[in-house]
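Heads up: the sequence lines are chains A and B, in that order. The opening position of the first sequence corresponds to residue 121 in the working numbering, with each subsequent residue numbered one higher. The opening position of the second sequence corresponds to residue 121 in the working numbering, with each subsequent residue numbered one higher.
Just so you know, the hints here were simulated from the structure itself, not pulled from any lab data. Where hints are given, some of them may not hold.
Claimed, not checked - With the Cβ distance kept under 7 Å, some of the chain B side facing chain A (calculated, not the full set):
(1) E140
(2) H176
(3) R178
(4) Y258
(5) R403
(6) Q406
(7) A464
Said to hold, decoys possible - Among chain B residues calculated to face chain A with C-beta under 8 Å, some are:
(8) A340
(9) P387
(10) H399
(11) A447
(12) E450
Built from N, CA and C at the ideal position, the CB exists for glycine as well.
For reference, the chains in residue letters:
Number of protein chains: 2
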Amino acid sequence: MTPGERALRRARAYLNRVAEPPAPALADLVGEVGPVRAARLVTAGQVPQQVLTETHARREEDRAEADLSAISALGGRLVVPEDAEWPAEAFACFATPMAQADERWRAPMALWARGAGRLDELGERMVAVVGARAATGYGEHVAAEFGYELAEDGFVVISGAAFGIDAAAHRGALAAEGRTVAVQACGLDQAYPAGHQGLLDRIAASGAVVSEYPPGVRPARHRFLVRNRLIAAFAAGTVVVEAGVRSGARRTASAAAALGRVVMAVPGPVTSALSVGCHLLVREEQAVLVTRVAEVVEVVGRIGVDIAPRLSSPPRRTDGLSPELLAVYEALPARAPRYPEQLASDSGVPLHRVRSALPLLELRGLVGCGVSGWHRVAPDARRGGA
Amino acid sequence: MTPGERALRRARAYLNRVAEPPAPALADLVGEVGPVRAARLVTAGQVPQQVLTETHARREEDRAEADLSAISALGGRLVVPEDAEWPAEAFACFATPMAQADERWRAPMALWARGAGRLDELGERMVAVVGARAATGYGEHVAAEFGYELAEDGFVVISGAAFGIDAAAHRGALAAEGRTVAVQACGLDQAYPAGHQGLLDRIAASGAVVSEYPPGVRPARHRFLVRNRLIAAFAAGTVVVEAGVRSGARRTASAAAALGRVVMAVPGPVTSALSVGCHLLVREEQAVLVTRVAEVVEVVGRIGVDIAPRLSSPPRRTDGLSPELLAVYEALPARAPRYPEQLASDSGVPLHRVRSALPLLELRGLVGCGVSGWHRVAPDARRGGA
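Turn these sequences into a full structure, and let the hints guide you.
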């Protein structure tokens, strides 16, 4: 690493901690003068009022070296926009006028990451599967299935590593030996939730655990909302599996919409409080209803390549009959024979057309003719002869 | 009854049986020359080729008197468009250009009815609840709840009296002492399905059992499809509770759409084959997703009068806090005190604003101040003093 690169890294680490993300004024300053000069100006307090407000509380605190040592000790790294690993393509969504119009949807200053996967590669074909912590067995089942099948289809599953839906989605992807990414709302040393240290390690083994927050930062509710924009930005589409009335799901949906990402919601029983949020998203036209991974892939996949196969069911024997043939067939009772005259009367089909319909039905093996008239042929009846 | 009225009734009864509904050419002829003259022309075979095709098989068979006697014996009646009881307002949907454009959506020639309710009155505020015969416990529960609550809200529930969803909806309405209407795909003497004779009698006690088919006509698959258009026409909106991939639900949806009626679908578990049809209707934008009766009422109810109340949940203590106040509050650990300087650093909120935020949070009972700094106040803590 050249001294210039080291200085850049230090500056990004400082800037990443000096303001609570997202810090739109600071982001603008960095965009204007670059990170090294911006860091110097912030430290000196020689910045516009907006930037001062964002950075005032922490500007004299420089923990950049300590943070970089801490992430190294965790086996992780700081990924900055100047790196080849930066997920530039995925994060291009932050630069659109729609995203820029709202201060909540700013790109992160840098990302703390650990894991074997490169963020730029992981970000190429990513789907988010998120939802309630207090999920039901149904929700966890669906999340795990979606995680598994998405991974099988070559997608990287991204989520928040929380209890419930998030964990089920990560685990589903891991079960398919797929790669998965967890975005945390705290420093990577925090192991949040505590019970998921093992899961996070398994995620990192082939994928990545990522956070906008430097080591030491505790999770807090507002950080989850800020974090959710990163999940929305990384993923081509976000699937909400279960969500209560009050949940981050609707905010994630607005983030995704502002970032030009599609939101999908999985329905569930209307008797389940954990599906209310999903149904609301669909009703309010903020999300597309999805029931299978093929439908997700159809939405996020490459146009013309990934199309959900039509649902089908075993064919019926009467499939493809014209309405008239069907009417004649239906006029035959299940177990009693009928003469054409009766069939014409019962079906309302003119007699001469009943007479021509019956042989056609016979050709299809649906009816037969005996001494007392025409009768239905049972589906399982084996006909002898040729 | 005058001789003229009697002749009209006889003519409608004859025309109702002479062609299998819907018979668009015959309907046009009746529209042109009136039912009495149309019946005479059909009997004589002096009709255009299209009408001849529709009526050929049965035109020499005049069972009008027998049918009228049969319906009387059942305690029922023939309701014709010339009657005050005819649901003219509901059936106005058959006369729109959209409905007229498709031969499948013609008004019935007459209706066979039994029951205490008048069809014109019952048709004023009607909602259809339909779905699979092989319903799940979930589907039957939802159908019964919807039937009950719609009846409580003063709606007449209309359905097809089939096993499963239909029966649950009728029973729900009856349980609320509401009125309900069953539309059958066979003659009213057929008691179809056989196990529902008691249910049909209870429906007739305050509502009505109705059919386009004269006494003696057996149920057949094509008749169910034809029948479904009557349910769609009667009701302001049709709710599909459960439906498989292949079901009448999607045809009912096209009928409803052609007749200018709204279709609603109730979601269910994506793991249930009986919810696939409902989810398809929503995905294909043929139906609005509904989860509660209030949402149904919002769709079919009078505009401005019936609006579904917003869903809500118990308020959180931190509801209404500004993002800055929330950030300061969240920076406080659950069980350890902090000084303002630490809070400013942890939250990213400038120190002077942390200092003004803390008393505001204290006023709300969220934080307290002790010798070792500020701390959170537990939700259940009783504060002494005034």
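Query raised in the report: Hint by hint, which ones does the structure fall short of?
Result: 6
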